[in-house]
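Asker: Letter by letter, the chains look like this.
There are 4 protein chains.
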Amino acid sequence: MRQRLLIACPDAAGIIRSVATVLHEAGANIVSSDQYSEDPNEGMFFMRTEFDWEPSAGDLQTLQVGLAQVGQRYDMTMRLTRADDRKRLAIFVSRSSHCLHELLWQWQTGEIQADLTVVAGNHPDHQTTVQRLGIPYVYVPMTRDRRQAAEERLWQAAQSSDLIVLARFMQILSPRFVAGWEGRMINIHHSFLPAFVGADPYRQAFARGVKLIGATAHYVTEELDAGPIIEQDVQRVDHSHRVDDLRRIGSHIERQVLARAVRWHLEDRVLVHGGRTVVFRA
Amino acid sequence: MRQRLLIACPDAAGIIRSVATVLHEAGANIVSSDQYSEDPNEGMFFMRTEFDWEPSAGDLQTLQVGLAQVGQRYDMTMRLTRADDRKRLAIFVSRSSHCLHELLWQWQTGEIQADLTVVAGNHPDHQTTVQRLGIPYVYVPMTRDRRQAAEERLWQAAQSSDLIVLARFMQILSPRFVAGWEGRMINIHHSFLPAFVGADPYRQAFARGVKLIGATAHYVTEELDAGPIIEQDVQRVDHSHRVDDLRRIGSHIERQVLARAVRWHLEDRVLVHGGRTVVFRA
Amino acid sequence: MRQRLLIACPDAAGIIRSVATVLHEAGANIVSSDQYSEDPNEGMFFMRTEFDWEPSAGDLQTLQVGLAQVGQRYDMTMRLTRADDRKRLAIFVSRSSHCLHELLWQWQTGEIQADLTVVAGNHPDHQTTVQRLGIPYVYVPMTRDRRQAAEERLWQAAQSSDLIVLARFMQILSPRFVAGWEGRMINIHHSFLPAFVGADPYRQAFARGVKLIGATAHYVTEELDAGPIIEQDVQRVDHSHRVDDLRRIGSHIERQVLARAVRWHLEDRVLVHGGRTVVFRA
Amino acid sequence: MRQRLLIACPDAAGIIRSVATVLHEAGANIVSSDQYSEDPNEGMFFMRTEFDWEPSAGDLQTLQVGLAQVGQRYDMTMRLTRADDRKRLAIFVSRSSHCLHELLWQWQTGEIQADLTVVAGNHPDHQTTVQRLGIPYVYVPMTRDRRQAAEERLWQAAQSSDLIVLARFMQILSPRFVAGWEGRMINIHHSFLPAFVGADPYRQAFARGVKLIGATAHYVTEELDAGPIIEQDVQRVDHSHRVDDLRRIGSHIERQVLARAVRWHLEDRVLVHGGRTVVFRA
Chain A
77 MRQRLLIACP
87 DAAGIIRSVA
97 TVLHEAGANI
107 VSSDQYSEDP
117 NEGMFFMRTE
127 FDWEPSAGDL
137 QTLQVGLAQV
147 GQRYDMTMRL
157 TRADDRKRLA
167 IFVSRSSHCL
177 HELLWQWQTG
187 EIQADLTVVA
197 GNHPDHQTTV
207 QRLGIPYVYV
217 PMTRDRRQAA
227 EERLWQAAQS
237 SDLIVLARFM
247 QILSPRFVAG
257 WEGRMINIHH
267 SFLPAFVGAD
277 PYRQAFARGV
287 KLIGATAHYV
297 TEELDAGPII
307 EQDVQRVDHS
317 HRVDDLRRIG
327 SHIERQVLAR
337 AVRWHLEDRV
347 LVHGGRTVVF
357 RA
Chain B
77 MRQRLLIACP
87 DAAGIIRSVA
97 TVLHEAGANI
107 VSSDQYSEDP
117 NEGMFFMRTE
127 FDWEPSAGDL
137 QTLQVGLAQV
147 GQRYDMTMRL
157 TRADDRKRLA
167 IFVSRSSHCL
177 HELLWQWQTG
187 EIQADLTVVA
197 GNHPDHQTTV
207 QRLGIPYVYV
217 PMTRDRRQAA
227 EERLWQAAQS
237 SDLIVLARFM
247 QILSPRFVAG
257 WEGRMINIHH
267 SFLPAFVGAD
277 PYRQAFARGV
287 KLIGATAHYV
297 TEELDAGPII
307 EQDVQRVDHS
317 HRVDDLRRIG
327 SHIERQVLAR
337 AVRWHLEDRV
347 LVHGGRTVVF
357 RA
Chain C
77 MRQRLLIACP
87 DAAGIIRSVA
97 TVLHEAGANI
107 VSSDQYSEDP
117 NEGMFFMRTE
127 FDWEPSAGDL
137 QTLQVGLAQV
147 GQRYDMTMRL
157 TRADDRKRLA
167 IFVSRSSHCL
177 HELLWQWQTG
187 EIQADLTVVA
197 GNHPDHQTTV
207 QRLGIPYVYV
217 PMTRDRRQAA
227 EERLWQAAQS
237 SDLIVLARFM
247 QILSPRFVAG
257 WEGRMINIHH
267 SFLPAFVGAD
277 PYRQAFARGV
287 KLIGATAHYV
297 TEELDAGPII
307 EQDVQRVDHS
317 HRVDDLRRIG
327 SHIERQVLAR
337 AVRWHLEDRV
347 LVHGGRTVVF
357 RA
Chain D
77 MRQRLLIACP
87 DAAGIIRSVA
97 TVLHEAGANI
107 VSSDQYSEDP
117 NEGMFFMRTE
127 FDWEPSAGDL
137 QTLQVGLAQV
147 GQRYDMTMRL
157 TRADDRKRLA
167 IFVSRSSHCL
177 HELLWQWQTG
187 EIQADLTVVA
197 GNHPDHQTTV
207 QRLGIPYVYV
217 PMTRDRRQAA
227 EERLWQAAQS
237 SDLIVLARFM
247 QILSPRFVAG
257 WEGRMINIHH
267 SFLPAFVGAD
277 PYRQAFARGV
287 KLIGATAHYV
297 TEELDAGPII
307 EQDVQRVDHS
317 HRVDDLRRIG
327 SHIERQVLAR
337 AVRWHLEDRV
347 LVHGGRTVVF
357 RA
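Residue numbers (my numbering), protein chains in the order written: chain A, 77 to 358; chain B, 77 to 358; chain C, 77 to 358; chain D, 77 to 358.
Looking at chain A on its own, in the form it has when it is part of the complex:
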């Protein structure tokens, strides 16, 4: 069984050795190990370890007790997952189809490994496409006077999921909703953040005359478009591109950036600390 161990703690001497020793004594075989140390003297230490483990009698306890002791000694935040434990994924979407489509496609090919539990949209547009794949589609109109009820329905739709992906979902969720999904809700913003926060970033980009446009996948926090950035990318444009060209070119950046961010989250490659992400890329 392939396992993943994620650790964050204040940096100190001996962490790697201690963790490696626990894993070794429990019969695990480390397959890969990535670390990042902010500053050896006083910063945080982050680690992602993949190991193969076919526990014999006693190994489970050795691992649990060992990790608990190490965790306490170094004041660790720790997460242990099984690689074949597929996360449950919910997608929220509005009219634009390109990000949804890319996620569905990479889910079908197995590049995105997750149980796709539900797609919820505030338009009925994607119902047929989604249902044909055997995935429930929840249509939640979001008119002004029934916002709260609508959000309640979205909450229920996603309830049993591990991750919500906002695949160009153009509605703003309440602080309460956002707080309930902290670090587990990914949005794609169609600009190179922090440039062009807010509405219609391609129009803003055109007006400013930038020579590159971009997209940003980030965890959603209460402040709009200000959450920890997971991935960004850009493409060159020039004066001859109109707003519609920027939208078209940008749509291809968006779907690639979002799909990468989702994949990394599902593979437990992303840690958040101090408003920034540590991404242990493959």
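Among the hints, erroneous ones may be present.
Each pair may be met inside one copy or between any two copies, as identical chains are not told apart.
Derived DMTMM-like pairs: lysine to aspartate or glutamate, alpha-carbon spacing no greater than 25 angstroms straight-line [to be verified]: (1) K163 <-> D320; (2) K163 <-> D321; (3) K163 <-> D276; (4) K163 <-> D238; (5) K163 <-> D344.
If you are wondering where the hints come from, they were derived from the structure by calculation, not from laboratory data.
Using the hints, position chains B, C and D against chain A.
Answerer: Here is chains B, C and D on its own, set in the frame of chain A:
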């Protein structure tokens, strides 16, 4: 003699034909011609034409009269330059040497074709390097109480130049100075504008946790870091890069971006309209 | 009616003026005009002009006669198309679905504007997907002993099309077939040509230890992977990527590169000369 | 004292733990640790560890004995260096100055940390520039009839160095010379290898009509342009770029790529195995 003709005017039918006819009748041979039309129905039209011209008797008048007539008919802003008329270039610099160094280097290799008339700096650091190349170095300390006098000296130093390049010149020039060099003063800002306007953008970029950092060359306008963008570029970074790494990586982006922008300006490839640039790239 | 005029001829003085005059006299309004001159003294001249044209009585003849005269004077190869005349598109495919899928998707969103007449494959895999979109799927098994008959069926399937796209079609077509579709058959090769010609380029790339992998869309010619290149792109990889990772990362480059090349061909942006392409990008 | 430990060995369980334990017991504090495992079941394992170490009495022996034991147990190839032990660098150059210039510049700014012992060239061109920086310049003309003597002089010039950088050195060195500097001589080839091996790659690239050009830094091996690749990069070009444009654009790629490769080598970030490199990037 290679000539360059730059035109901006409201779009209309027949412009290309009219200009081409004037050039033809004056004995010119069009070598390249780039156009950009914002919107054929109501926008602006921009054109850059390079032509070879060995005028015989009468040709000069044919060209002058012809262009004047076409210019009046279409309400053109027009600029005619000789390709071998080297522009006069002044560089302002502070402590950081990488942008200055790149410009000096490309000037030596002939990639940047200009008469480098003066380098002015508010630190004495680069005096030896600059003077060794036979270029005058004007050291202008900019303490708070003598700001106006210092700016006056900078003005005089650049007086006879066609273009001022702020090669990481970290002083803010007065609105009067800026107004006097509108469209003829290029700055490099060490971020992907409009992200991270103002001081220490690499520190801002680090704090925000962006996954790409960039640089922007733009014409200087009164509003800080808000002038028309000529060129931008970015490079990928990750969580492991500290502020100093971003500065190092960014310095290489800055010097390339600034050198490209300067070269394009010197080759009459850049037109400004409505706060945006049209860049006719080679 | 938006029209497109493509011209290739030996460079000479007066071409732009002559063409612009003919268009003007026929009542056309030039919307955009791109030229490329290999070498003003002795090379070829290439031009793509878009113009709006609502012909009155006599205009059609003015245009036809005028273009014929200009064409003869300058020894032009010329192509005049209507922008709303959708080209007829055939796609050949084998097992891999990513390129086919991207083309179908961009066709559905209207980014690729064409009449998709047929998809032909040497495996039955994509039949359902294709037929669900209302497009005929022709299954043509290509075993060794029935190669010729199979190719005959492919020929018939594509017969009425203007363009064949080989969307990871892993069979080699006969010289006769290739010759019949010269300049009208686009292939995607999964490497940065001319590196890694032939079979399994990702394995070759892995073995060579390259730090970037790429994809190349090109017109098919008799010599394998040696036809005129329309578009290429790359992405960074490192030592930790195994062959399967390269395949996965590469698949996203392939589909983007192929879709761009197909779109440019359909928009009459590509001219071929001397084994190289001139691409007038938007 | 910052130390760097580089390890290559057949993969096995317990390596990380064993190394970390030795370092811990010798009083070292691991600052960063990068590993790469080809294949946990049967491949090679590579590791780069940086640690701070202020050895007390006995620590040196603990470390030496400990590493020797671990090294033997796992059949390790091992290299231990002090980060502040500057490597000795020799540069060979021909006419082109851009790569030499970039290295000199990054050496002056401290980005490239090395003792620059000598520059040797088969032209006298760069003598003044180099000597002004206090570095010996050895002029070694390489005419056909005195090849062997010339190579002998180059050998002597570089004798005391740890690394030779061929900064656009356009002479082919003998197999004997190459063998003597295996893994310690870096060349920049002005193409995206393995495309365009051999002479005048920009002309080859132009003729093939590629849409991206590149540069490759690699260790020199006996077979021309076939050594392990350390770094590559590319930039977009189009049909309008002539061979000279490719040279100009390419020169900026070359110097960046070469400088990165040299820096990584000097920082002990590069391991070679099976004709490929493992590069532990910062």
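Asker: Hint by hint, say whether it matches the structure.
Answerer: Results of checking the hints against the structure:
1. Taking CA atoms no more than 25 angstroms apart as the test, K163 paired with D320 passes between copies only; the shortest distance there is 23 angstroms, against 36 angstroms inside one copy.
2. For the identical chains of this complex, K163 and D321 are inter-copy neighbours only, at 22 angstroms across copies versus 36 angstroms inside a copy, given an alpha-carbon limit of 25 angstroms.
3. For a Cα distance limit of 25 angstroms, the shortest separation of K163 from D276 qualifies neither inside one copy, at 32 angstroms, nor across copies, at 33 angstroms.
4. In the homo-oligomer, the alpha carbons of K163 and D238 lie at most 25 angstroms apart inside one protomer (6 angstroms), although the nearest pairing across protomers, at 46 angstroms, exceeds that limit.
5. In this assembly of identical chains, K163 and D344 lie within 25 angstroms of each other by CA distance solely inside one copy; the values are 10 angstroms within and 39 angstroms between copies.
The earlier numbered hint that this structure contradicts is number 3, and it is the only one.
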